[in-house]
Each structure stands twice: as structure tokens, then as C-alpha cells.
Amino acid sequence: MNRFLTLVGRDLRLALRQGSDATIAVMFFVLCVVLFPFGVGPEPNILARIAAGVIWVAALLASLLSLERLFQNDYEDGSLELLVLTPLPLEAVVLAKTLAHWLVTGVPLIVAAPLLAVLLNMEADGFGVLVLTLAVGTPVLSLIGAIGAALTLGARRGGVLLSLLILPLYIPVLIFGAGAIDAAILGLSPRPHILLLSGLLAGALPLAPWAGAAALRQAVE
Amino acid sequence: MPVFAGTDLTCLRGDRLVFTGLDFRVGSGEALLLLGPNGSGKSSLLRIMAGLLRPFRGRLAWDDAAVADDPDRHRGRAHYVGHLDAVKPVLTATENLAFWAALGGAPVPEERARAALARLGVPHIAGVPGRYLSAGQKRRLNLARILAAPAPLWLLDEPTVALDRAAIGLLEAIIAEHRAGGGMVVVSTHTDIALPGAATLHLDDFTPAGPDDGDDPGDDAGDDDEDTRP
Amino acid sequence: MAEFFAMGGYAAYIWPSYALTALVMVGLLVATLKGLRSREATLKALEGSRPPRRRARREAAVHETAAEMGEG
Amino acid sequence: MHRFANPARFLRLSAVIQPWAAGATVVLLVVGLYLSLFGSPPDYQQGDTVRIMYVHVPAAWMALFVYVNMAIAAAVGLVWKHPLADLFSKAAAPVGAGFTAVCLVTGSLWGAPMWGTWWVWDARLTSMLILFFLYLGYMALVNAFDDPERGVKAGNVLLLVGVVNIPIIKFSVDWWNTLHQPASVIRMGGPTIAGEMLVPLLVMAFAFTAYFVSVVLLRLKSEILARKIQTLRLNDAQGR
Numbered sequence: 001m002n003r004f005l006t007l008v009g010r011d012l013r014l015a016l017r018q019g020s021d022a023t024i025a026v027m028f029f030v031l032c033v034v035l036f037p038f039g040v041g042p043e044p045n046i047l048a049r050i051a052a053g054v055i056w057v058a059a060l061l062a063s064l065l066s067l068e069r070l071f072q073n074d075y076e077d078g079s080l081e082l083l084v085l086t087p088l089p090l091e092a093v094v095l096a097k098t099l100a101h102w103l104v105t106g107v108p109l110i111v112a113a114p115l116l117a118v119l120l121n122m123e124a125d126g127f128g129v130l131v132l133t134l135a136v137g138t139p140v141l142s143l144i145g146a147i148g149a150a151l152t153l154g155a156r157r158g159g160v161l162l163s164l165l166i167l168p169l170y171i172p173v174l175i176f177g178a179g180a181i182d183a184a185i186l187g188l189s190p191r192p193h194i195l196l197l198s199g200l201l202a203g204a205l206p207l208a209p210w211a212g213a214a215a216l217r218q219a220v221e
Numbered sequence: 001m002p003v004f005a006g007t008d009l010t011c012l013r014g015d016r017l018v019f020t021g022l023d024f025r026v027g028s029g030e031a032l033l034l035l036g037p038n039g040s041g042k043s044s045l046l047r048i049m050a051g052l053l054r055p056f057r058g059r060l061a062w063d064d065a066a067v068a069d070d071p072d073r074h075r076g077r078a079h080y081v082g083h084l085d086a087v088k089p090v091l092t093a094t095e096n097l098a099f100w101a102a103l104g105g106a107p108v109p110e111e112r113a114r115a116a117l118a119r120l121g122v123p124h125i126a127g128v129p130g131r132y133l134s135a136g137q138k139r140r141l142n143l144a145r146i147l148a149a150p151a152p153l154w155l156l157d158e159p160t161v162a163l164d165r166a167a168i169g170l171l172e173a174i175i176a177e178h179r180a181g182g183g184m185v186v187v188s189t190h191t192d193i194a195l196p197g198a199a200t201l202h203l204d205d206f207t208p209a210g211p212d213d214g215d216d217p218g219d220d221a222g223d224d225d226e227d228t229r230p
Numbered sequence: 001m002a003e004f005f006a007m008g009g010y011a012a013y014i015w016p017s018y019a020l021t022a023l024v025m026v027g028l029l030v031a032t033l034k035g036l037r038s039r040e041a042t043l044k045a046l047e048g049s050r051p052p053r054r055r056a057r058r059e060a061a062v063h064e065t066a067a068e069m070g071e072g
Numbered sequence: 001m002h003r004f005a006n007p008a009r010f011l012r013l014s015a016v017i018q019p020w021a022a023g024a025t026v027v028l029l030v031v032g033l034y035l036s037l038f039g040s041p042p043d044y045q046q047g048d049t050v051r052i053m054y055v056h057v058p059a060a061w062m063a064l065f066v067y068v069n070m071a072i073a074a075a076v077g078l079v080w081k082h083p084l085a086d087l088f089s090k091a092a093a094p095v096g097a098g099f100t101a102v103c104l105v106t107g108s109l110w111g112a113p114m115w116g117t118w119w120v121w122d123a124r125l126t127s128m129l130i131l132f133f134l135y136l137g138y139m140a141l142v143n144a145f146d147d148p149e150r151g152v153k154a155g156n157v158l159l160l161v162g163v164v165n166i167p168i169i170k171f172s173v174d175w176w177n178t179l180h181q182p183a184s185v186i187r188m189g190g191p192t193i194a195g196e197m198l199v200p201l202l203v204m205a206f207a208f209t210a211y212f213v214s215v216v217l218l219r220l221k222s223e224i225l226a227r228k229i230q231t232l233r234l235n236d237a238q239g240r
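Protein sequences, first through last, are from chains Z, V, H and S.
Going letter by letter, the first sequence gives residues 1 to 221 in my numbering.
Going letter by letter, the second sequence gives residues 1 to 230 in my numbering.
Going letter by letter, the third sequence gives residues 1 to 72 in my numbering.
Going letter by letter, the fourth sequence gives residues 1 to 240 in my numbering.
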């Protein structure tokens, strides 16, 4: 556990020192959402209708943005080999790095989301559910993304490839995330959606470290 | 008295047979020097020893217990130094080192890190971020890593690259000290490094087309789809 | 006959369906065969350019392990 | 199964199967085409458009069948390090993607006259589209590495992750559809299959399967040759 936290701490420190990652993700998120009124027009009713979906799609893309580099730096400078060789199981390494990534890029999205909901005239009923679904859903995005980042390590044009691999797998998160908010706005219970989203998280928690570790072992071989 | 040994190791990269039928044995306090031209599999052998690469065939054993049965334990007792220095540009030398020391299980990582840097003759870089270090300093930092957390087995892949003569002397002394304390060392190198009493292993002896490897094509030769030529 | 090709007025949908299916299947087959032929030619050229004795020996070593890979 | 791991042995076995598979493909296709275009009656509701079904439905089956086979091969490749299993998925993927594309486009061509629209966000269509993307992603990943072996291994992990995800995607899309789309607009009002329609359907399905077997055997052979070429080139580069 200590080793796990050491690794999380080191990744957080790295992210904070080289800056940009967190701010870029959240800026991209905001910009992406702001583009929609320009595209579909400023009609408040239309914006309110699409707000949940737009915010979720933007969150999806924003979390994808920095994923490419999740293992890339460690892979290039040789740290990854050494991480594979530490007594900490590789699955725990994947989990620790994913956790650090989520803390740096996922949490700012959750904070920024209500602000964007205001910009899009989302009904107030949806705000709490929006934050809740993002809190449960963005870790799933980071976990699934970690698999993709490990798989594309050392690939040509890894970033584009990563989106191609990962976006189809993100669809269930998008459906249940946006579905919960829509349900809340329509006065229905968002509970089933949120439970399913939690189910995805429960499934991704063991799957992603396993698959990520398998992919990383091949990457350093 | 631990013994680290490999028997009948075969390394296959893609379809290419790098080496086959390789045996080695390193006892407590002993050193093994890997020699051979580029591509003869020195790095591959070290990576197999470290557990980064799986041998296609053969067995690695620590005191007669197969390494494959408990890979986590093996990783705890080996230090591997590869071609890349794994220095993070935004972390200071001490932070870089303390991180690896902590992962290796050192009780007071910061202190160990500073002591290791001093031992390698670069105490003055302790507070310097990695991006300002020269190639030689980065290499020393990487080598300091093996001192920061104790482990009985050192696997050093061309450790002398980028080091000056004085630093190589320091490394020789450190290795001698490690062996005196019962540690084992496996080193691959192109340059001269003084390892008194070290066994040597010439990897080109084990490549399939090597001069000593004239054994029969084997019973499966008849399965060869391209017929043998006159 | 014309009636058959008219497909009860749905010719514009039915024939393209079959044409596309045929196109994909034939296309894949042709691409596969082309790749196979070109690789066969490359392999032949590579093998022709090397001294036979050494090659046979090395191949034997590789095949030996390949066989073990199968039986092991 | 491991007996066939030796490429030479596999190639001999494949040389035996190949002509039979190719022959079966031709015969079954001829019979299947005759039955689906002449030998079966138009549907009482859908008229002659029902003939699209005879390529559309077998293609859909193949799309799933090929993916399942690839995933099984991926598991075998990862667990037993079986070299042919590794190559199988790589060889099969383009064929699977081809069938998925056929399924999507013929479905669209069928939908246009029947539903009056080329595409609807129906659960079935959507999950097929996602399957198509998974195929494309797998193929892109496998070909993205300079070392083909690494690509194939990464692809194996992706295939297994995809297997876990396909039911989740399918299920989530089903659910999403029922929430957003009133079920009255789009119904796959499929005809209760009569024997005279089932026979051509099955014949076509077998024809596609035979086609898949013949093409995959050829592609596997091609992959084995590619590996051999790579080995020879590497040896040349090593000067041995």
C-alpha cells in the first residue's frame, strides 16, 4: 500500500511540476461545450435539451486528450521497465498511475461541469445528478483509457489510434451518464442509470489493471 | 549462500533464435561477465535474468527454486540497470532516487538517496533537477539507484557507457564491495572493467549458426517444407 | 426475364445488395491472393540469394524450436 | 490442437483442406444464389426485398461468428502462446470487417424501401456499427507496430477486452433505445420464417462460412510467409 501511494504521489508531483495536463484537459472541455451554441444556435430550449449529452461527450473527449501520455513518458525514458521490475505488482502500477491521471484530469472536469450546465441552460434538477454521474463515470473513462494507452504504447500515431480503440468502448458510459441526467430532468428516477454506471466502474476496476498490465508486459519485452 | 543459475536457456525474438542451450551460474560473492558482439543477446540474457523477458525454453533458479514460480519475489531481489537512465527531468536527483528507493522498500528513502549519490561521487547534484544533468551524471544517478535500496543480485547492461575513467574506477570499487558483502553481479560490457575473479560467458558460443553449434537438424527436419538443397 | 431483373420494383435495392456482397468477397479474395503471391516471390528471392548450406542449417535450428513450440 | 503449431505441418494440413473449402464455397454459393434469387417466393408483406435478407442475415451471423472466433484465438494465443492462434485473429479480422460492412450496407438498402429511411438509431443497427468500429480498431492496432508480433499481442488483449464489452455495449444500447425511441416507429417486423426461406438462408450461411474458411487459410499462409521473410531479413541484418 505504501508503495502504491508512493507511485501515486510521484505521478501527481510530476503532473503538477510539468503543469499543463490538468489545465489543458479542462480548457478543452469548456471550449468543446462552448462550441455547441455556435453550432446549433442560441435557442435556450434546444440547448437545455442537449446539455446533458453535450457535456458528457465533451468530458469523454477531454479525458481522452491526455491519456496518450499516461505511460508514454515512462516508456520512453526507461522508467516503465523499472516499474515492471519493482516488487509492486504491475496491476497495482497500472491502477496507481490511472488514479493519479484521474485526480489530475478527471476531478477538474467534475468541478467545471456545473458551470457549463449553467451556460447551456440545463434544468436545475439535473445539476446534482450531473456531478454524481461524472464522479462515477470519469474514473471508468480513465480505467478503460488506461487499457488503450497501454495497448498503443510504442505504436505509430498512437494518439489517433487510441481514440479509435477507446471511443467505441466509452459508449455505455456515455449512454448511462447522459441517461441519468435526462431522467432526472424528466422527473424520473436516475437511480437505475447510476447503478449501472457504478456497475461499469465495478467491472472496470479489476479488468483495466489486468488488461493494462498484460499490455505493458508486452510493451517492455 | 544463495546461487542464481540458469539452465538450457533459449531466447527467441520473433522467429529469430538469439541463443540456445545457454547455462550460467552465479554464486554469492561472484561476478559474471557477458561478452559478445552486438546482437549476440547480451541484453536479452540480462532481461531474461531480470524477468522482463520470458525465456522461450529453459529454467532460471534461485537456490534451486524456480524463479518462474514466484516472479514477484525475484523482482524484489534483483536490480536491473538498462540502457535508459529513467531520470525524470522535473524531479531533482534526490527525488528521482528516493522514489526508486521507496519502491524498493528502503526505510528512509531520502537519506539513502543522498548517501548513494555521495558514494558515486556526485553529492553536489542532490538538489539539481534531472533536466540539467549531463549524460554521465544521469548514468551515475541510475547506478546510485542500485545502492539506494539493497538487493543481492545486480544486473548491469553496459553500465560504463557515458562514464569517465574515474567513475568506472568508482563503479569497480562499489561492485567489489557488493561482492565482498555476498552480493552477485552480472555485467555486460564492451569496455574494460576490472572484475577480479569474474567468470566470463561468450554469448556467440550459443548462437545457432555459431562455430560450435553443429548439432543435427533434429528429428523434425523431415517436416521442413522447403526441401534441403543438394 | 425483364420481370426477374425488375425484382418487383425493388431492383434498385436488391441488385446493389448482391453486387456489394460480391464486391467485398471477391475483393478480399483478390487482395489475399495478391499478398500471398507477392510474399511467395519475396521469399523465393530472399532464399535464392543466400548460400544453401548455411541456410539449411540455420533453418533447421529454427524449425527445431518451432517444432518444440508445437509439441511442448 | 498444439499438433498443428508447427507451421510446416499446418501448411500441409491447410493444403488438404483448401481445395475442399474452395469447392464447397463455389457449390454452396451457386445453389444459395439460385435459391435466394429464383427458388424462393417473394414475401407477402415485403415483396422481393426479402431477397436482401439472404445476404444480409448470413453476413450479420458471420460478423459475430468471426469476432467470437478471433477472441477465442486471442485467449489461446495469450494463455498458451500458440503462434498460429496469434496469426489467426490477424488473418480473420479483415474478413470479419468485410462481412460487418456488408451487413450494415445491405441492411441500409433493405431499410430504405421498407422503413422509408436509410438509417435509424435502432439498437441492432447501432451495436453492429460499434462492432464494425471494433474490427477497424483491432486492425489499426495490429498494424501500428514496427514489430508485427507486438501488434498481434496487443491486438489479443484488445479482443478479449472487446469480448467483455460487447455484451455491455449491446445491453446498454438496447436500454438506451427503449428509453429514447418510441418502439412503435421502428420494428424489425421480420416475417415468421417459412421453410422455403429458411433453406436459402442456411445455404447462404454455409457458403459464407466456407468462404471464410478458404480465405482465412490463404491469409494464414500469407502471414506465415511474412513471418518467414521477416526472420530471413533479420538474420541477414545480423550477418548470420
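Hints should not be assumed to be uniformly reliable.
Said to hold, decoys possible - Taking lysine to any residue pairs in the SDA-like style, the calculated list, with each CA pair at most 20 Å apart, reads:
no.	chain 1	residue 1	chain 2	residue 2
1	V	K138	V	G121
2	V	K138	V	P89
3	H	K44	S	R233
4	H	K34	S	W115
5	H	K44	S	A101
6	S	K170	Z	I171
7	S	K81	Z	L195
8	V	K138	Z	E221
9	S	K170	Z	L195
10	S	K170	S	R233
11	S	K170	S	A101
Claimed, not checked - Calculated Cβ distances over 10 Å to all of chain Z for the following chain V residues:
no.	residue
12	G29
13	A50
14	I168
Claimed, not checked - Among chain Z residues calculated to face chain S with C-beta under 8 Å, some are:
no.	residue
15	V8
16	G9
17	G154
18	P206
Everything labelled a hint here was simulated from the structure, so no lab data went into it.
Note that this is a predicted model, so its numbers are computed, not measured.
Each residue gets a CB set at the ideal place from its N, CA and C atoms; glycine is no exception.
> Any hints this thing doesn't respect? Which numbers, in order?
Replying inline: 4, 5, 7, 8, 10, 13, 15, 16, 18
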